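Protein chains: 2
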Amino acid sequence: MAFSGLSKRIRELPKSNFPAIIRMAEEDKSIISLGIGEPDFPAPKAVKQALKNAVDKNFTHYSPTAGRHELLEAIAKKLKRENKIKIDDPHRQIIATSGSSEAIMMAIMGIVDIGEELLVPNPGFVTYRPTVELIDAVPVSYNLSSEDGFQIHVEDIERLCTPKTQGIIVNTPSNPTGTVLKKKVLEEIADLAIEKNIIIVSDEAYEHLVYDKARHFSIGSLNGMEEHVLSLFSFSKSYAMPGFRLGYAVGPEKLVNAMQQFHLYTTLSPNTMSQIAGITALEKCGRDVEKMRLEYNRRRKFLLKGLQGVQGLEIEVAPEGAFYLFPRVTNGMTSEQASKALIKDAKVLTAPGNEFGTKGEGFVRMSYATAMPKLKEAVERMQENFK
Amino acid sequence: MAFSGLSKRIRELPKSNFPAIIRMAEEDKSIISLGIGEPDFPAPKAVKQALKNAVDKNFTHYSPTAGRHELLEAIAKKLKRENKIKIDDPHRQIIATSGSSEAIMMAIMGIVDIGEELLVPNPGFVTYRPTVELIDAVPVSYNLSSEDGFQIHVEDIERLCTPKTQGIIVNTPSNPTGTVLKKKVLEEIADLAIEKNIIIVSDEAYEHLVYDKARHFSIGSLNGMEEHVLSLFSFSKSYAMPGFRLGYAVGPEKLVNAMQQFHLYTTLSPNTMSQIAGITALEKCGRDVEKMRLEYNRRRKFLLKGLQGVQGLEIEVAPEGAFYLFPRVTNGMTSEQASKALIKDAKVLTAPGNEFGTKGEGFVRMSYATAMPKLKEAVERMQENFK
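Order-wise, the sequence lines are chains A and B.
Under the working numbering, the first residue of the first sequence carries the number 1, and numbering increases by one thereafter.
Under the working numbering, the first residue of the second sequence carries the number 1, and numbering increases by one thereafter.
If you're looking for bench data, these hints aren't it; they were derived computationally from the structure.
Watch out, some of these pointers could steer you wrong.
Said to hold, decoys possible - Dumping the calculated EDC-like pairs for lysine to aspartate or glutamate here, alpha-carbon to alpha-carbon at most 16 Å:
1. B:Lys359 - B:Glu336
2. A:Lys52 - B:Asp56
3. B:Lys29 - B:Asp345
4. B:Lys52 - A:Asp56
5. A:Lys48 - B:Asp56
6. A:Lys8 - B:Asp136
7. B:Lys182 - B:Asp148
8. B:Lys45 - A:Asp28
9. A:Lys344 - A:Asp28
10. B:Lys184 - B:Asp136
Keep in mind the model is a prediction, meaning the values are calculated, not measured.
Go ahead and model the full structure; you've got the sequences and the hints to work with.
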C-alpha cells in the first residue's frame, strides 16, 4: 500500500470543534475571550532582563539534552524548597523540556508500548488522550464528577487497572476543572500505584495557582514514591512564560535518564536562552508569582459570585486552583450549543466542556486569566443574555 | 504485566558510544573538538537585537501551532526566492517547529504507521533511524558509498521499495558525509517517488553551506512534486542559531495541516521570541550567512589539504557541503578505535562513523565548524601522531 497522504495514527486523532468556535469569536472584536488558558500577564521583568543578558552573552548555542547544568541545579533546589521533593542527582533525575507539553509526550513515550494502557482523567487536559493514541497505546478514562468537585475516587482507579495498565496521569490543580486534589486522595493513589506497580505521571503545571485554604501537594514528595512518580512542571503558568516553551520532568532515574537520551529525537533541548531566563524565574520571581496569584484569586471570587446570577450555568463545588471555572450548563444545551450561544448572545468565548472528554459534556470552561474590566463586562453580558 | 520502568520502544533504541567518547575528551582541556556539528559563530547581531526587541515588546505569550503568521509569510518569501519552492497558502503549507529535529519527528509521525517502512540513508544523520523506531515503524537503510562521494543510486532505492514503503528521507547537503546530491540524482528520485507513490522527506538543514561549484537544489521545487515532497529547513546552521530551536517544514497541505493540528501534542509551537528573531534572520542576514560560508570554505580547503598528510585517514571524493569531512580510516582500525586513538594520540575529538549507520563503519566524521587556529593545531597533531 502506497502513501495515502497521512498516517492512520494521525488520521484517527479526535477532531476538535474548538478551533471553529475560536474562529467564530475572532470575527467579532467585541467578543471577550474566557476561552484560552493563557496568563494575560507578561513575563516578569527580571526574567525578560535575564533573557536579554543571555543573548548579549551569546548563549545562542546548543544545550545538553538533559538541559543546562545550572538550570537543573536551580530546579533541584526549587523542588526541595517548594515541592518537598528531594533530588540526589539533578543531572540524572531531571530533564528540561520544550514546555510541559513535550514532557507529557516524552513521558508517555517512555512509559507505554503498543496496546498498553494509561489511565487519564475525564474530563482532563486536551492533550493526554490523543498523545497516548499518537504512539498506538490506549488511553483509558477515569471519570470525574462535579458533584464532589471532581475529586478522584481511588476505587474507580483500582477497578480500571488491568494487566496492561502501565500508569496513570494525575493533574492537580486541574485543567479544565480547577480542582485541587486532596492530600488524602493523593496518598491513596500513591498506595495503589505501589500495590499495582504502575507509575504516576503527576502534571503540576498549575502548582502555584491555589487559593483560599487549598494547598498544592506534590505526590512525588511522599515517602517511597521515588520509583513511582514522574512529576511534570511548567514555567508557562506560574511565571507567565508560555512563549518561552520551558518545562521539566523529575522522577525515576531510569526513566528520566532515558528521556534525556531520546530528547535527541524530539527537540534536543528547550531554547538555550529560555533556560537561562528560567533560572531567574525560579530564584528571583517568587513575588511576581504571588502578585499574579492574588490577582487571579480576586478574579476567581468575582467570577464565582457573578455566575450565581447567570441562569443557565451552575457551579456545584467552587474550584480552588488553576485559573478555570467549569460550570454545568443547566438549560438543556450541550457544551457546544452553550459555547456557541454564549458567543452569539453574550459575546463571550468559552471552551466547550466536551473538548476535555466525554464526561466534560454538559459543562463549559471559563478562564479567568483575563483582566478584571473585561471579566466584569463578560459577567454582565452573561447575566443579561444567557438563559 | 506491570510497569517495568521503561517502555520497550525506548529500551530497544540503539545505544551510542559517542557520549562516552565525548566524556573522554572532556577530561583533557587540551583536546580540540572536531566532534560536534555546531557553528562556532554566535547568532548574527541583527537576530540578537530582534530577540531583545521581541521580549521588550512582551512577545512572551503562546503562538499559534502553525507558527506566527508573519514568520510563515517570511518563510514563504524565502522559499520562493532561495529554494524556488512556490507556496500558495503559507498558513496551510508551512509549519514552524522547535528545531528541525522536531520537524523530523513530526514528519515521521505523519507518514508511517506501525510496521510501515521509511527509507533512510546509511550513513545518515543520527536521529532518522531511531525516530522511526520510536513510533514502532521500520527504518530501511539505503547504502551510500565513499567511492562515488556518497551519491544516491536510484536503482538501489527502487530495489528497496516494498508495498510497505511510505517514503524516503533524503539529506542534502549531508550530515555526516558533506555530500551535495546532484540535481540529476534528485530528479531521478522525484520520478521514482511519483511512480511508487511515496513521499520524499527532504532534509535541507545545511542548504546554505555549499562550496566551489556545488549548488544546493531543493527537490521540492521540481514540477509536479507538490504532493510528494515535505522539505525540512533549520535556522541552526545557516544563521548560527541552534540555541533558538527553530526550524520549519513545507509540503503537501494535507500532511502539513495535520502537523499543525497535532503540534499541540508535541511542543505546541517553537519559542515565540525565536520566531520573531527568525524573521530578521530570513530577511536581513544574507550577508552574515555568506560571510560564515566563506569562512567554512576556507577551513574546508585547509582541512582537506591537511588530511593528505595524515597517514591513517583518506578522503576519496572531496565533499562540497555542510561543515563535515568523512575520511576513511585506512590503518585497519574500526571507527571507534580510530576516534579513541585520535583523542589519545593526537588529542583531537572526532565522531566515529559507525554512529551514523553500519555503512559509516571504517570512517570518522570531522566538523570544521571550529576556528582556524584550532583547526591548524588539530591538523598538525594528526599528521604527527595518527598512523
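Taking the hints in turn, this is what the structure says about them:
| no. | hint | verdict |
| --- | --- | --- |
| 1 | B:Lys359 - B:Glu336 | holds, 14 Å |
| 2 | A:Lys52 - B:Asp56 | holds, 9 Å |
| 3 | B:Lys29 - B:Asp345 | holds, 14 Å |
| 4 | B:Lys52 - A:Asp56 | holds, 9 Å |
| 5 | A:Lys48 - B:Asp56 | holds, 7 Å |
| 6 | A:Lys8 - B:Asp136 | holds, 13 Å |
| 7 | B:Lys182 - B:Asp148 | holds, 12 Å |
| 8 | B:Lys45 - A:Asp28 | violated, 40 Å |
| 9 | A:Lys344 - A:Asp28 | holds, 10 Å |
| 10 | B:Lys184 - B:Asp136 | violated, 34 Å |
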